[in-house]
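Protein chains: 2
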Amino acid sequence: MIQSLLYPSLEEASDFINSALRVKNLVVCCGLFSVEYVGRSSSTLGAGERILIIKGDGSVLVHRSKGYEPVNWQPSGCIIRCRVEDGKMILFSERRRPKEFLKAVFDKVYIIFSTSLVDEAKFLMGPSEETFYSILFQHPEFIEKGLRLTSRQKPLSTGVVDFTGIDEGGNYVFVEVKRRTAGVDAVKQLDRYIKSQPTRFRGILCAPSITKQALSLLEKKGYSFRKLDLNRISKLLTIEPFEETLDKHF
Amino acid sequence: MIQSLLYPSLEEASDFINSALRVKNLVVCCGLFSVEYVGRSSSTLGAGERILIIKGDGSVLVHRSKGYEPVNWQPSGCIIRCRVEDGKMILFSERRRPKEFLKAVFDKVYIIFSTSLVDEAKFLMGPSEETFYSILFQHPEFIEKGLRLTSRQKPLSTGVVDFTGIDEGGNYVFVEVKRRTAGVDAVKQLDRYIKSQPTRFRGILCAPSITKQALSLLEKKGYSFRKLDLNRISKLLTIEPFEETLDKHF
Chain A
370 MIQSLLYPSL EEASDFINSA LRVKNLVVCC GLFSVEYVGR SSSTLGAGER ILIIKGDGSV
430 LVHRSKGYEP VNWQPSGCII RCRVEDGKMI LFSERRRPKE FLKAVFDKVY IIFSTSLVDE
490 AKFLMGPSEE TFYSILFQHP EFIEKGLRLT SRQKPLSTGV VDFTGIDEGG NYVFVEVKRR
550 TAGVDAVKQL DRYIKSQPTR FRGILCAPSI TKQALSLLEK KGYSFRKLDL NRISKLLTIE
610 PFEETLDKHF
Chain B
370 MIQSLLYPSL EEASDFINSA LRVKNLVVCC GLFSVEYVGR SSSTLGAGER ILIIKGDGSV
430 LVHRSKGYEP VNWQPSGCII RCRVEDGKMI LFSERRRPKE FLKAVFDKVY IIFSTSLVDE
490 AKFLMGPSEE TFYSILFQHP EFIEKGLRLT SRQKPLSTGV VDFTGIDEGG NYVFVEVKRR
550 TAGVDAVKQL DRYIKSQPTR FRGILCAPSI TKQALSLLEK KGYSFRKLDL NRISKLLTIE
610 PFEETLDKHF
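These protein sequences, in sequence, are chains A and B.
Remember, our numbering sits 369 above the position in the first sequence when you count from 1.
Remember, our numbering sits 369 above the position in the second sequence when you count from 1.
Since the hints were derived computationally from the structure, they do not count as laboratory data.
Predicted model only: the values in this text are computed from it and were never measured.
Among these hints, one or two may not hold up.
Which copy? The list can't say, so a pair holds if one copy fits it or any two copies do.
[Stated by the list, open to error] No more than 30 Å apart at the CA atoms, straight line, and that leaves these computed lysine-lysine pairs for DSSO-like:
| id | residue 1 | residue 2 |
| --- | --- | --- |
| 1 | Lys457 | Lys547 |
| 2 | Lys468 | Lys589 |
| 3 | Lys589 | Lys491 |
| 4 | Lys589 | Lys604 |
| 5 | Lys604 | Lys491 |
| 6 | Lys547 | Lys393 |
| 7 | Lys468 | Lys596 |
| 8 | Lys590 | Lys435 |
| 9 | Lys435 | Lys589 |
| 10 | Lys491 | Lys457 |
| 11 | Lys523 | Lys393 |
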């Protein structure tokens with residue numbers, strides 16, 4: 370649940386921050402304040418309008434109106450206190466080892482909100498499946514020279530095949546793509562798709578690498594392995610902003 | 370002026386963001402969203418609750434609940450668009466040269482605010498005057514061996530002297546401190562303070578360095594120059610959180 374205050378008094382803002390800190394909520398505060406820091410280096414920033422972010426793990430960020438980098442920051446584990454003194458709200462963040470101090474002195478708070486954030490998602494390097502398949506669909510030469518792709522994510526009675534197409538020799542082709550090392554399961558998957566068809570399809574398993582066992586099974590079944598060059602592909606990656614823009618391409 | 374929406378619909382949030390982008394306002398948005406990025410590298414982050422910041426210069430930051438580093442970011446100069454599609458709000462940020470794309474797909478927006486930020490302050494390396502003088506007051510040995518300081522920022526008829534004290538030989542001392550190279554003005558300042566006193570005070574001008582002209586005048590007046598070792602001082606810097614904690618020391 371979001372809690373927020375618009376144009377609070379400094380006392381209200383200070384109480385709000387201390388309550389949020391107690392339950393380790395995220396706090397985002399926009400106001401007019403100055404910052405002093407000593408620790409890894411030392412710096413002084415006069416008063417200006419900017420935003421201050423405190424995360425539940427005790428990290429602190431000060432962002433100005435421009436640039437992606439924070440002007441001041443403290444890593445996680447800081448002890449943060451807030452109070453009003455002589456008509457200013459003072460937010461003090463202290464890191465114990467190594468010693469680092471950040472002091473923000475607020476003349477005004479314009480808006481402040483706090484919330485807990487539920488976020489269990491994994492951050493994965495590499496593009497999403499959709500982006501990856503889009504680029505292969507536009508560049509079938511990454512799979513095999515002369516290959517033309519006719520559909521993607523085609524539903525079959527035994528599953529959904531990544532691509533269908535026609536190879537240089539005019540054969541109908543099913544392509545199963547893996548973004549990581551292909552194993553025996555991938556071969557079995559491709560085999561199921563091909564066996565579901567009344568007509569003859571060539572099978573291509575396409576991945577950055579393949580296990581020995583999978584390659585042996587693949588060859589026994591008479592299918593082909595095509596190695597994906599992830600570096601070359603990643604140079605061509607783009608994301609299409611919206612669906613209809615994507616539609617124009619196909 | 371702050372504009373904000375609490376629990377807006379995705380359509381309201383999208384309109385809000387597009388309006389803010391048009392006038393190059395800062396936008397802070399907290400919600401449930403996934404992120405995909407391709408450019409310098411590529412990455413995929415599944416749905417989770419987090420915050421997204423767009424600055425007026427077209428830089429973009431995505432911050433999760435922990436850590437001072439953004440999980441995704443784009444530098445300034447991005448072209449950003451937002452719209453609702455298939456029940457999701459899609460925020461798309463594109464950098465042209467080099468090509469970089471960030472796509473955030475929102476299931477929910479919890480709070481969003483936008484504002485222009487007036488911030489003309491200079492970011493200066495080095496501690497504030499107050500912090501700097503505090504450390505010297507606690508460590509007069511940085512000024513001169515055996516020196517004891519008795520007051521700081523003492524008002525006189527001719528100005529405010531940084532420190533008063535007693536040196537190893539028992540002489541009363543006035544200390545004028547400069548954080549940068551001391552010039553002739555600093556010598557004249559010290560001279561005014563000392564001449565304002567009916568009793569005899571020793572004069573010390575204390576700075577990381579001094580101009581030739583200033584040193585010559587200083588010696589003519591019979592005062593001393595003491596070189597400040599900024600590196601040694603910076604290792605001892607701390608900031609006191611609140612005034613009363615400071616009072617305990619003196």
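Hint check results:
Only between protomers do Lys457 and Lys547 lie at most 30 Å apart by alpha-carbon distance; the minimum there is 28 Å, versus 58 Å within a single protomer. Proximity of Lys468 and Lys589 under a CA criterion of 30 Å is satisfied in neither setting, with 64 Å inside one chain copy and 43 Å between copies. Taking the shortest alpha-carbon separations for Lys589 and Lys491, neither the intra-copy value of 37 Å nor the inter-copy value of 70 Å comes in at or below 30 Å. In this assembly of identical chains, the alpha carbons of Lys589 and Lys604 never lie at most 30 Å apart, being 34 Å within a copy and 70 Å across copies at closest.
Taking the shortest alpha-carbon separations for Lys604 and Lys491, only the intra-copy value of 23 Å comes in at or below 30 Å, while the best inter-copy value is 39 Å. With identical chains, the CA atoms of Lys547 and Lys393 are never at most 30 Å apart, being 41 Å at best within one copy and 42 Å at best between copies. Taking the shortest Cα distances, Lys468 and Lys596 sit within 30 Å of each other only across copies (26 Å), while inside one copy they are farther apart (51 Å). In this assembly of identical chains, the alpha carbons of Lys590 and Lys435 never lie at most 30 Å apart, being 59 Å within a copy and 49 Å across copies at closest.
In this assembly of identical chains, Lys435 and Lys589 lie within 30 Å of each other by CA distance neither inside one copy nor across copies; the values are 60 Å within and 50 Å between. Proximity of Lys491 and Lys457 under a CA criterion of 30 Å is satisfied inter-copy only: 21 Å between copies versus 41 Å inside one chain copy. Taking the closest pair of Cα atoms, Lys523 and Lys393 never come within 30 Å of each other, the shortest separation being 47 Å inside a single copy and 43 Å across copies.
Comparing the model with each numbered hint stated earlier shows that hints 2, 3, 4, 6, 8, 9 and 11 do not hold.
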